[in-house]
Amino acid sequence: MPEMNLVQAINDALRVEMRADPDVVVLGEDVGKVGGVFRVTQGLYDEFGEDRVIDTPLAEGGIIGTAVGMALYGMRPVPEIQFADFIFPAYDQIVSEVAKYRYRSGGEYTCPMVIRTPVGGGIRGGHYHSQSPESLFIHNAGLTVVCPSNPYDAKGLLISAIRSDDPILFFEPKRVYRAVKMDVPEGDYTLPLGKAKVVKEGNDVTVIAWGAMLFEALASAEEVAAEGVSAEVIDLRTLWPVDIDTIVESVKKTGRVVIVHEAPKTCGFGGELLSLVVEKAFLHLEAPPVRVTGWDTPFPYTLEMEYLPLQHRITPALLETARYVP
Amino acid sequence: MPEMNLVQAINDALRVEMRADPDVVVLGEDVGKVGGVFRVTQGLYDEFGEDRVIDTPLAEGGIIGTAVGMALYGMRPVPEIQFADFIFPAYDQIVSEVAKYRYRSGGEYTCPMVIRTPVGGGIRGGHYHSQSPESLFIHNAGLTVVCPSNPYDAKGLLISAIRSDDPILFFEPKRVYRAVKMDVPEGDYTLPLGKAKVVKEGNDVTVIAWGAMLFEALASAEEVAAEGVSAEVIDLRTLWPVDIDTIVESVKKTGRVVIVHEAPKTCGFGGELLSLVVEKAFLHLEAPPVRVTGWDTPFPYTLEMEYLPLQHRITPALLETARYVP
Amino acid sequence: MQTQAQVVPIRTPDATFADDVLSVIERDGSLRSETDPKLPQETVLRFYRAMVRTRIIDGQLERLQRQGRIGFHIGSLGEEACILGSAAAMRPNDWIFPCYREFGALLWRGFPLQTYVDNMYGNADDVVKGRQMPDHYTGKPYRFGSVSSPIGTQITQAVGFGWAARRKGTDEVVSVYFGEGATSSNEFHTGMNFAGVMNAPVVFLCRNNRWAISVPSEKQTGSATFAQKGVAYGVRGVRVDGNDVLATYKVVREAVERAARGEGPTLVEMLTYRLGGHSTSDDPRAYRAQDEVEQWRRTDPILRLRTHLEALGVWDESKEEAYKQEVEAELKACVAAAEAKAKPSLESMFDDVFAELPWHLKEQREQLLGGPRAKDHH
Amino acid sequence: MQTQAQVVPIRTPDATFADDVLSVIERDGSLRSETDPKLPQETVLRFYRAMVRTRIIDGQLERLQRQGRIGFHIGSLGEEACILGSAAAMRPNDWIFPCYREFGALLWRGFPLQTYVDNMYGNADDVVKGRQMPDHYTGKPYRFGSVSSPIGTQITQAVGFGWAARRKGTDEVVSVYFGEGATSSNEFHTGMNFAGVMNAPVVFLCRNNRWAISVPSEKQTGSATFAQKGVAYGVRGVRVDGNDVLATYKVVREAVERAARGEGPTLVEMLTYRLGGHSTSDDPRAYRAQDEVEQWRRTDPILRLRTHLEALGVWDESKEEAYKQEVEAELKACVAAAEAKAKPSLESMFDDVFAELPWHLKEQREQLLGGPRAKDHH
Ligand SMILES: Cc1ncc(C[n+]2csc(CCOP(=O)(O)OP(=O)(O)O)c2C)c(N)n1
Ligand SMILES: Cc1ncc(C[n+]2csc(CCOP(=O)(O)OP(=O)(O)O)c2C)c(N)n1
Ligand SMILES: [Mg+2]
Ligand SMILES: [Mg+2]
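First to last, the protein sequences are chains A, B, C and D.
If you're matching positions, the first sequence starts at 911 in the working numbering and goes up one per residue.
If you're matching positions, the second sequence starts at 911 in the working numbering and goes up one per residue.
If you're matching positions, the third sequence starts at 4 in the working numbering and goes up one per residue.
If you're matching positions, the fourth sequence starts at 4 in the working numbering and goes up one per residue.
Rather than coming from a laboratory, the hints here were simulated on the basis of the structure.
In this text the structure is predicted, and so the values were computed from the model without any measurement.
From the three backbone atoms N, C-alpha and C, an ideal C-beta is built for every residue, glycine too.
Warning: the hint list may mix true and false statements.
[To be verified] Taking lysine-lysine and the PhoX-like style, the derived pairs with C-alpha atoms no more than 20 Å apart in a straight line are:
{"no.": "1", "chain 1": "B", "residue 1": "K1091", "chain 2": "B", "residue 2": "K1110"}
{"no.": "2", "chain 1": "A", "residue 1": "K1162", "chain 2": "A", "residue 2": "K1105"}
{"no.": "3", "chain 1": "A", "residue 1": "K1107", "chain 2": "A", "residue 2": "K1163"}
{"no.": "4", "chain 1": "C", "residue 1": "K143", "chain 2": "C", "residue 2": "K171"}
{"no.": "5", "chain 1": "D", "residue 1": "K365", "chain 2": "B", "residue 2": "K1190"}
{"no.": "6", "chain 1": "A", "residue 1": "K1162", "chain 2": "A", "residue 2": "K1107"}
{"no.": "7", "chain 1": "B", "residue 1": "K1107", "chain 2": "B", "residue 2": "K1163"}
{"no.": "8", "chain 1": "B", "residue 1": "K1190", "chain 2": "B", "residue 2": "K1163"}
{"no.": "9", "chain 1": "A", "residue 1": "K1190", "chain 2": "C", "residue 2": "K365"}
{"no.": "10", "chain 1": "C", "residue 1": "K365", "chain 2": "A", "residue 2": "K1105"}
{"no.": "11", "chain 1": "B", "residue 1": "K1162", "chain 2": "B", "residue 2": "K1107"}
{"no.": "12", "chain 1": "B", "residue 1": "K1105", "chain 2": "D", "residue 2": "K365"}
[Said to hold, decoys possible] To be clear about the criterion: a stretch of chain B counts as covered by chain D if any three or more of its residues have a C-beta under 8 Å from a C-beta of chain D, and this derived list gives those stretches:
{"no.": "13", "stretch": "982 to 991"}
{"no.": "14", "stretch": "999 to 1013"}
{"no.": "15", "stretch": "1017 to 1026"}
{"no.": "16", "stretch": "1097 to 1110"}
{"no.": "17", "stretch": "1222 to 1228"}
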């Protein structure tokens, strides 16, 4: 089995699906000859030609709007938005059109597409190359939101996403792009959407994370193990519709939960997860659920490591939550 | 004191501020001669001329983008977005620019403006004339979000908003526009931003609501009173930054809370409020906090009254929550 | 705003359209032979009947709205020629992406009147299951798009759709309707630009009806015409007398054939006038002079075509009367049927959000079905 | 995509620019008297020095980035003439809204080099308090805007700003920079359209440097030129040889004076070439031929002006060398100072989100200050 990093695994998933299905096309800014600013689409232009790997004009609304048209016609577009921070010129198309097409047309038209875009901080990107806007999409009914943390999951989830009949936001944690390498099967395999993964079992406290923060959560789980606290770590993988069973089962076991995400706290996805836990496992809670998140400010440049909810902030939250006595 | 409905009170607030400050200008689609599709700006064009009540081309991004420029220059623009459902072409300007201007310029440039827009359902508007997108703005650091429920509050809050140095989303519950009349003082008065109002005191359960749903919550509070349940009703008025003290004080008293909003449940503002209550008053909670909200679907037309979290759905939630025994 | 110096006023209705605005039907009903598409008489009669039918339906729906029997209607009074002429110019395998004012085009495509009326009532037989406002239909079997309220969004979609059709080896062409106000939208810009670069087989149909609700076209843009906006994208732009069904047919047909041959997109500015309110929610007397409306009434596209047909001797008052009664009866029956139909089911609220019902919607569906019913107040 | 048929290729560098592209400096260093703005010699020397200074700074910052001492730089190699010429054409009371490649214009306005270098380091003296990436400065005291990454957003802002300036009774004009790629953005469309309708005193400065990262200008639009996009908005469009500082000065100055007189906006397409990578993150060899770059090197705007100045006898190699050393020393001192400065304070993270610190940010500030520090890994 070849070793791949996240960029290579996503590239491989695209290649597998483009070979299997001529209706799969990739479009976006710089996705062609240069293979994307992160090189995720590298080599696809040479293999599949400019008709299937389309360098578009600089207009995210146009990328998504034309992708909608392609999807309505029966194709499987995989648009790339260069950074998630730049998805907002396409926000109207995504929330007013993509999310609602099946519903508002009474099921006549469907709009399957996978919108790939890098998210997250820790790469010296400042305000506009670091954000994690997942909750702004999850709130809009009709969108599936995926965020893998590692190459193996990424490939299997992306292939599933491209085959799905629903529109999907596929967020790629750019801090992980080249940081993690692992064995990834060649060829075709899928992982189910909507299924989280218990990455580390534990009994005292549950940590919910995804994307780049998964590794921070794991590091904290190890760190607190030394202090006798056994943390269970869940990698959500699909953010919405979330795998509620895995979460509830874990929280029923531990009675305690810490939710980690990079996005600002207020109205972030953490608030939704916390609410779901309260709604579904209130009587099992032995401590107040805790959110460890980005601060409620724009994403800073110089101080980004103080902004992010990294290990140094997750560890104390785990200890406090695990040791909480009412 | 004259009686005014919500439309008249907002109109009056605009007039008062436009008379007091020549830098206040109104701009938007149809705001001029016809006075807006809901007639909120009626008469302003005649009084202040087309230089201060500006009919723009049909482009929300342009309305907000040019308003940003005006604000940077030192003016006080009050852009109108015809329906909140149509704010998304301006979403990039609002979240990437308006929200971040002060921060990203190190405080050199500020971007004071009040973006007025009608929200909410119950007026046979279907998908695109009914939505309540507040959480999509609250998540973005730097935005103040206001939603009055009645004419008196609306006028006082709007005047405060126009004088504020921060950018503000001012959501107007269109179902209330002509439905509620009350005495409203003439001339100039302000109400503080960031302060909720306990509209009805009670001891058994707290209901948090705003905008049109406030009246549904009140109706339910009355309904459950007949069953011996005393509900405290809070009208948030300013959604963000929320008046946390009023909420926590009430929940500490009642130990129980029901949150009502029209927007879909998932990642709605209710999740944030629920999380804040849990974070700040966990040990005071005698029942799991409950959200009564719109369903996680696009906003429907024919069945809209079954979609909205009206009295018939709030009442049982209040009773259940008040009577909850672990 | 000192806009006067900059804005070249768009031609007023009284000035004869300049040479670059193609027209066919003269005031006396004769046809300009240089431009006449020379269609069979029966075809022209079909155009006429479709236009009259559209207008009758418009009038009746407006009445139903006034009576509170339907919630909303957005009509095409005065714009029938440009809507029907352009729809007729599309070949059977072509596609139409609507704005919201083109139910005439929908019916032309064979969409059953009953289904259209069911959409007005949002009942259980409504093709969009009562989920959208009236006049927000979808017609995929008729190669017709899905109406959405946000202005302009259909424009980029049409471009991607057309591109896909060509990639799949067909010669299908997509036409996309929008008003002149929509040319200010992000989506017009992006759609035109992508079409220019992608050489997409798309015909952009701009109904310049002079008004975007209360905003006159002179305040919409500083350009002298809307057709000239094509220059910014390397897209061919043409103007046509949109109150002349034959001229519209001819110009759009040419554009369709060019696109089908791979010769690229065309922007067609169809000059017309919105004789009625923007929708049943609008009262245009609040913002425009009755004079202007009266002037435009003289160029009424239906009267204009009727003059031609009467001059030919193939139409007269009695035929008109008989046809009206036929349409009214048909519509009346549809309305009665629509009113008798049930509402969409409660369960249906949760269908079609996703391909399959996820856990949270199952839960919410149970809550709704198991909970109390709303009082049906509006 | 079969774009070939549709896209009229933009002129290649080897063809002499057509008559509609204004230029002044001939290859031999002489000036075309018909177009020469006839500036005092000292002014032209100032232009030259500013261009050279810009290039030296660019080179040094690129080096610092390679050494890992700064995180990022986005430079203007090859575009110095169009940036400096247009900045110089703005009067002292005019305003400049930048894209991200115009630090040369910022320094021309008197912004201290030290403050600029502090911005590259995001240190405590950075005017934007270390909150944005390098080259995302703000310069209000210098009548200079605020750099933001999202493409195009500054364009509509400039229009509203200019409109406000005029409403306040001033004759201030706003210029706004963007690349040719940005003409595809929503904001270009809306900004141009609003400017046309509002007759705003704005000069739109399109740096057509042929590339938007890896996308060549022919794939950006189907229009033959970018200047012609003005036609869509009733906005005057002009092309200028953007590698000719005197031509750029002249054309922009005229546009500024027109705008100041209330004669409306102008779109200026400045023809130039991005000789370097898009930014320090980019390696252009992955997508463009070295040949093309070499061809353009021959039209290097600095060499071109130097030929002129040497022909006049007012500049020579020893002056060049002395000036270079002066700039390098100045920069070196700034870099040393910037590197010695502290980071922005932790507290500052929460300032300026709102005018006053709300409760939740007070809480979060306490959490941050009272909590553990991050390991400073990147
Ligand atoms: C994005 C958006 N903004 C505003 C509206 C409200 N609105 C509906 S129709 C309309 C005017 C459209 O004018 P035009 O494009 O000329 O089309 P017409 O109605 O004249 O056919 C407006 C402003 C909307 N539907 N969508
Ligand atoms: C909305 C948005 N989309 C994408 C990007 C990423 N991006 C940064 S610069 C750039 C190319 C810009 O090209 P052009 O406008 O020609 O300016 P140039 O860099 O050539 O000066 C792109 C795609 C962005 N910053 N903002
Ligand atoms: Mg119109
Ligand atoms: Mg460029």
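Results for each hint:
For the proposed pair B/K1091 and B/K1110, the alpha carbon gap of about 19 Å is at most 20 Å, so the pair holds. With a CA separation close to 18 Å, the supplied pair A/K1162 and A/K1105 stays within the 20 Å bound. This hinted pair checks out: A/K1107 and A/K1163 have alpha carbons roughly 16 Å apart, not beyond 20 Å. For the hint pairing C/K143 with C/K171, the CA-to-CA distance comes to about 18 Å; that is within 20 Å, so the pair holds.
As the CA atoms of D/K365 and B/K1190 are separated by approximately 15 Å, the hinted pair is consistent with the 20 Å bound. Only pairs whose Cα atoms come within 20 Å are accepted, and A/K1162 paired with A/K1107 is accepted, the gap being roughly 16 Å. At roughly 16 Å between alpha-carbon atoms, B/K1107 and B/K1163 fall within 20 Å of each other, so this suggested pair holds. As the CA atoms of B/K1190 and B/K1163 are separated by approximately 13 Å, the hinted pair is consistent with the 20 Å bound.
The suggested pairing of A/K1190 with C/K365 holds, with an alpha-carbon distance near 15 Å, which does not exceed 20 Å. Note on C/K365 and A/K1105: the hinted pairing holds, with a Cα-Cα distance of about 17 Å set against a maximum of 20 Å. Of the pairs offered as hints, the one joining B/K1162 and B/K1107 holds, with about 16 Å between alpha carbons and a cut-off of 20 Å not exceeded. Restraint check: the Cα-Cα separation between B/K1105 and D/K365 comes to about 17 Å, which is no more than 20 Å; the hinted pair holds.
Counting residues of the stretch 982 to 991 of chain B whose C-beta lies closer than 8 Å to any C-beta of chain D gives 5; at least three are required, and the coverage claim holds. Here the stretch 999 to 1013 of chain B counts 9 residues with a CB under 8 Å from a CB of chain D, which clears the bar of 3, and the coverage holds. A count of 4 residues in the stretch 1017 to 1026 of chain B with a Cβ less than 8 Å from any Cβ of chain D is obtained; the coverage claim is therefore met, three being the minimum. Against chain D, the stretch 1097 to 1110 of chain B contributes 1 residues with a C-beta closer than 8 Å to a partner C-beta. That does not satisfy the three-residue criterion, and the hint is violated.
Given a C-beta distance limit of less than 8 Å, the hint that chain D covers the stretch 1222 to 1228 of chain B is violated, as 0 residues qualify and 3 are needed.
The structure fails hints 16, 17 (numbered hints given earlier, in ascending order).
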